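Just so you know, the protein sequences line up as chains A and R, in that order. The opening position of the first sequence corresponds to residue 1 in my numbering, with each subsequent residue numbered one higher. The opening position of the second sequence corresponds to residue 567 in my numbering, with each subsequent residue numbered one higher.
By construction, these hints were calculated from the structure, which means they are not laboratory data.
Quick list of the computed label-pair ranges, beta carbon to beta carbon:
(1) R:Ser724 to A:Met202: 29 to 37 Å
(2) A:Cys325 to R:Lys810: 14 to 22 Å
(3) A:Cys325 to R:Ala922: 46 to 54 Å
Taking lysine-lysine pairs in the DSS-like style, the calculated list, with each CA pair at most 25 Å apart, reads:
(4) R:Lys740 to A:Lys534
(5) A:Lys330 to R:Lys826
(6) A:Lys330 to R:Lys810
(7) R:Lys828 to R:Lys783
(8) R:Lys570 to A:Lys534
(9) A:Lys330 to R:Lys783
Remember, it's a predicted structure, so these values are computed and weren't measured experimentally. We put the beta carbon where it would ideally sit given N, CA and C, even for glycine.
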Amino acid sequence: MTELLVKNACVIDPLNKILMEIMDIPVRDGRIVESVSAGADVIDARGCLTLPGGIDSHSHVCGTKVNFGRYMSPEDMRAGRTARRGKMHVTSGYYVPTTYGNSYRYSAMGYTTVLEGAMAPLEARHTHEEFTATPHQDMLANTLFDGNWAIMEAVRAKDIKKAAAIVAWTLSAVKGYSIKLTNPGGTEAWGWGQDLSSIHDMVPNFNVTPAEIITTMIAANELLGLPHSVHLHCNNLGKPGNYRTTLQTFDLVPDTNNGRQTLYATHVQFHAYGGTTWRDISSKADDIARAVNAKPQIVMDMGQIMFGRTMTMTADGPMEFNLYCLHHNKWSNHDVELETGSGIIPVLYSKKSLVNCVMWAIGLELALLTKNPYQCLLETDNPNGAPFVKYPEIIGLLMSKRYRDEECATLNGGTEQRTALSALDREMDWNEIAIMTRAGQAKALGIDAQGKGHFRTGAEADIAIYPIRCRDVDPTTEYRKVIEGFQKTMYTIKRGRVVARDGDVIVEGANSTFWVNPVVPDDLNVASDPEFVKKFEEYYTVRMGNYPVQDVYLPRGKCIRTEAAL
Amino acid sequence: MIIKDVVCPFCGCLCDDLDVEVDGQTIIKVQNGCTLAEAALTGNNRLPAPIRRTATGWEEISFDDAIRETADILLAADRPLLYGWSSTHGEAQSIGVHIAELLGAVIDNTSTVCHGPSILAIQEVGHPGCTLGQVKNRADVVVYWGCNPTEAHPRHMSRYTTFATGFFVPEAQKDRTVIVVDTRRTESAEIADEFIQIERGRDYEVLAALRAIVRGKGSILPREIAGIAREQLFRVAEICMKAKFGAIFFGLGLTMSSGKYKNVRNAIELTDELNRHTKFTISPLRGHGNVYGSNEVFTWITGYPYAVDFARGIAFYNPGETTAVDILRRGECDAALIVASDPGAHFPHAAAAHLAKIPTILIDPHRTATTPLCRLQMPCTMAGIDAEGTAYRMDGVPIRYKKFLESSYPDDADILKRIHDRIREVQGS
Numbered sequence: 001m002t003e004l005l006v007k008n009a010c011v012i013d014p015l016n017k018i019l020m021e022i023m024d025i026p027v028r029d030g031r032i033v034e035s036v037s038a039g040a041d042v043i044d045a046r047g048c049l050t051l052p053g054g055i056d057s058h059s060h061v062c063g064t065k066v067n068f069g070r071y072m073s074p075e076d077m078r079a080g081r082t083a084r085r086g087k088m089h090v091t092s093g094y095y096v097p098t099t100y101g102n103s104y105r106y107s108a109m110g111y112t113t114v115l116e117g118a119m120a121p122l123e124a125r126h127t128h129e130e131f132t133a134t135p136h137q138d139m140l141a142n143t144l145f146d147g148n149w150a151i152m153e154a155v156r157a158k159d160i161k162k163a164a165a166i167v168a169w170t171l172s173a174v175k176g177y178s179i180k181l182t183n184p185g186g187t188e189a190w191g192w193g194q195d196l197s198s199i200h201d202m203v204p205n206f207n208v209t210p211a212e213i214i215t216t217m218i219a220a221n222e223l224l225g226l227p228h229s230v231h232l233h234c235n236n237l238g239k240p241g242n243y244r245t246t247l248q249t250f251d252l253v254p255d256t257n258n259g260r261q262t263l264y265a266t267h268v269q270f271h272a273y274g275g276t277t278w279r280d281i282s283s284k285a286d287d288i289a290r291a292v293n294a295k296p297q298i299v300m301d302m303g304q305i306m307f308g309r310t311m312t313m314t315a316d317g318p319m320e321f322n323l324y325c326l327h328h329n330k331w332s333n334h335d336v337e338l339e340t341g342s343g344i345i346p347v348l349y350s351k352k353s354l355v356n357c358v359m360w361a362i363g364l365e366l367a368l369l370t371k372n373p374y375q376c377l378l379e380t381d382n383p384n385g386a387p388f389v390k391y392p393e394i395i396g397l398l399m400s401k402r403y404r405d406e407e408c409a410t411l412n413g414g415t416e417q418r419t420a421l422s423a424l425d426r427e428m429d430w431n432e433i434a435i436m437t438r439a440g441q442a443k444a445l446g447i448d449a450q451g452k453g454h455f456r457t458g459a460e461a462d463i464a465i466y467p468i469r470c471r472d473v474d475p476t477t478e479y480r481k482v483i484e485g486f487q488k489t490m491y492t493i494k495r496g497r498v499v500a501r502d503g504d505v506i507v508e509g510a511n512s513t514f515w516v517n518p519v520v521p522d523d524l525n526v527a528s529d530p531e532f533v534k535k536f537e538e539y540y541t542v543r544m545g546n547y548p549v550q551d552v553y554l555p556r557g558k559c560i561r562t563e564a565a566l
Numbered sequence: 567m568i569i570k571d572v573v574c575p576f577c578g579c580l581c582d583d584l585d586v587e588v589d590g591q592t593i594i595k596v597q598n599g600c601t602l603a604e605a606a607l608t609g610n611n612r613l614p615a616p617i618r619r620t621a622t623g624w625e626e627i628s629f630d631d632a633i634r635e636t637a638d639i640l641l642a643a644d645r646p647l648l649y650g651w652s653s654t655h656g657e658a659q660s661i662g663v664h665i666a667e668l669l670g671a672v673i674d675n676t677s678t679v680c681h682g683p684s685i686l687a688i689q690e691v692g693h694p695g696c697t698l699g700q701v702k703n704r705a706d707v708v709v710y711w712g713c714n715p716t717e718a719h720p721r722h723m724s725r726y727t728t729f730a731t732g733f734f735v736p737e738a739q740k741d742r743t744v745i746v747v748d749t750r751r752t753e754s755a756e757i758a759d760e761f762i763q764i765e766r767g768r769d770y771e772v773l774a775a776l777r778a779i780v781r782g783k784g785s786i787l788p789r790e791i792a793g794i795a796r797e798q799l800f801r802v803a804e805i806c807m808k809a810k811f812g813a814i815f816f817g818l819g820l821t822m823s824s825g826k827y828k829n830v831r832n833a834i835e836l837t838d839e840l841n842r843h844t845k846f847t848i849s850p851l852r853g854h855g856n857v858y859g860s861n862e863v864f865t866w867i868t869g870y871p872y873a874v875d876f877a878r879g880i881a882f883y884n885p886g887e888t889t890a891v892d893i894l895r896r897g898e899c900d901a902a903l904i905v906a907s908d909p910g911a912h913f914p915h916a917a918a919a920h921l922a923k924i925p926t927i928l929i930d931p932h933r934t935a936t937t938p939l940c941r942l943q944m945p946c947t948m949a950g951i952d953a954e955g956t957a958y959r960m961d962g963v964p965i966r967y968k969k970f971l972e973s974s975y976p977d978d979a980d981i982l983k984r985i986h987d988r989i990r991e992v993q994g995s
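With the rest of the complex left out, here is chain A (with noise of 0.2 Å):
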């Protein structure tokens, strides 16, 4: 038994409603308790701020192109390196860290749980062997199913419950944790160097559309029970005007869980886009918070942008493409059979660029325009928009209106008829910060449910202390304090073990996989149906029986079994 005492913390936990109360966090055996002995180890958090471990619902830290954008990138790697020292390994890289890297900056800003957005099925046992080596964070991965072809046939034979039973049985092959839709049908269409251009736009030789894979993926989760919803990054990514696409996917979404959103859409930032080159871009963002606001269903992430030099990744291949016939930097592409695409550019956002400097102030305003936290989520889509030591920067913007027209002040001069952001006076306060960065996640994730983002009874014990005394600090003038705070915790506690003292790892990582398992009736399982198996034995370049990843990649793997409807 391990007993610590957490004294003197200032809490805020907004999921139990607790907002900057001084007050005492037992721990025993990595869990919230009630109370523990004399015996237990003490940390004077001396009235700082304490808060839930920070999840990230959306980044790309690990798998085959994540590994691919460090590969084909020395340049980034020599610009962010540190030696062996302690416990923590050599690290290399500053937008594309390594595993390494990605999971001390992770430790040292508090956060104890991160997504990955983005993992193809055939390549999971990848980011499986990446997951182990980023240690101190959970982790969850989004499994894509935007171009699988069992999925599309069972679109088009507009069966729900078959599309659930692929699903069931890919993410408990691959061990996955949610259903990720990336430009759904167009990754398909890039197996031919071709696009959609809208949700009703026909797949080619599957004949169905991405409104039809959206809905039927989205009635497939809610089947199977799935903890997360849909996980959504919409079609026409980074194309002025494609905020009519993005408005016509949020209207597809029924409202049918009561727990938790029914859509998660993705980076958003990247589809509010009004106009219709690069000339005229202007935001779109009121429109797109205006429908957020009015549809509890949906929550989204910012994919906020900060200038300088980053890496994009995505299965989007297309848009990659796109990307690279703008910039003409090197460009990677990595189609997957049957299932997806991938592509990776370099890019530097410059305050030179008025394209740029709009998408920098749409993502701000989609946060300062969405009424209610818990649906719009800070993230970069790390690091499409920018790498995620950055996220202190964008609290520090969202806390402080003065900081936000010190920056636009330094901005190309066309971006205030483009954008509304100065004309925004809301000022985020602490509450609305923390959910922002985690009850917000863990909600939309589902995994408040598995003792994440709050710190109630029988919570597990993840814990960041900042230097910050809110109480003491004006985040709207004080916002370098409140920047230098949230860069480096005090400690950051997982599992009730210290793993971090001041922007420092001093122990050896010990994470856990979070996974579902979705039981399904016999007479549904894919495994047994002659026809998947047989088309599966056709095409993969794999055989079915060396597809699952095996349970030795999860070392601590924790397994959630939910029970479909079917």
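Fit chain R to the supplied structure of chain A, relying on the hints for placement.
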């Protein structure tokens, strides 16, 4: 007993559909495998126990002694090199990187003498690729450039490309056009619809000419390029541009001939250019079964696919300086640990000769051409035969090697773990 769907660990194709008949500790029969697979799986030249060189020959020693001596040699060295890694699983590769980190050593894999130049080209211009199933199901044009899959990757054509039936290519041989580009008429050239025979060392020019044609600037070309009539290149460019899905595969004929990584860069940029007209991909034909895995493992731990130097504490990468051949040829290296590869057979003479001068330790199941260069050798299991673990196919698809034979050998990952722990103990870290 017949074990189904065994993964062949020999080449980068990692065919996972072999049926192997086993009787106790002996392989009776291998089905579905190519001739190379059969030889690799049934070959028998395994070293029975660790051996140490004496004044007159070799003596057998215990694993305990061998591991201690290995750790001592590496700890005493100023510039140790850890080389190889391509014929074992990712679990061993990962421990290898951590040993290098502890020692401040250089760690390199066999890419250094095969597709290292491809990696350099990719680092300049990226890599438009795909998994092999994408080619199997879609490609109507397949190009093999500077490689001879019939002999080096014997099932590449039948499983993934030319002869493989795919969803959109129901009659493979009829539906696919095969183009082979090489300096000589290989076995692979015999089945090509178009064979382009290039004068040696002039691949770069031919790639540049094709790029010019694809960009609509073909009129500037001379009548003959690298021994090839201009008309043939026009014809080939047209086949490529009219393809629905084209796939280029290339081998050491491109990476290790005159121009090296610049050839590969030009081939990638030709692929980029073709993507403005249709869908095209390009992929290196990787040699060793898990060489790509060594690139992947090195990358997620250190940030670099090969040639990683920890001497400064941080991970440093500068191919040409931190590559194994260069470190050996300069005489810089004063101890070497070789794992799962055979530099004695593949390195230039000067580099191999230096290995013989310094204390070199080999962890390998077999007596190889590297054995005579060594001071000490430890036998181990063979990944994919009597050890399981992760391997990455040439296209990045991770596959788990099966263990289908019991043996008394330790896994190389276990040997390496013991060396690692011994080093930590001595260092007090």
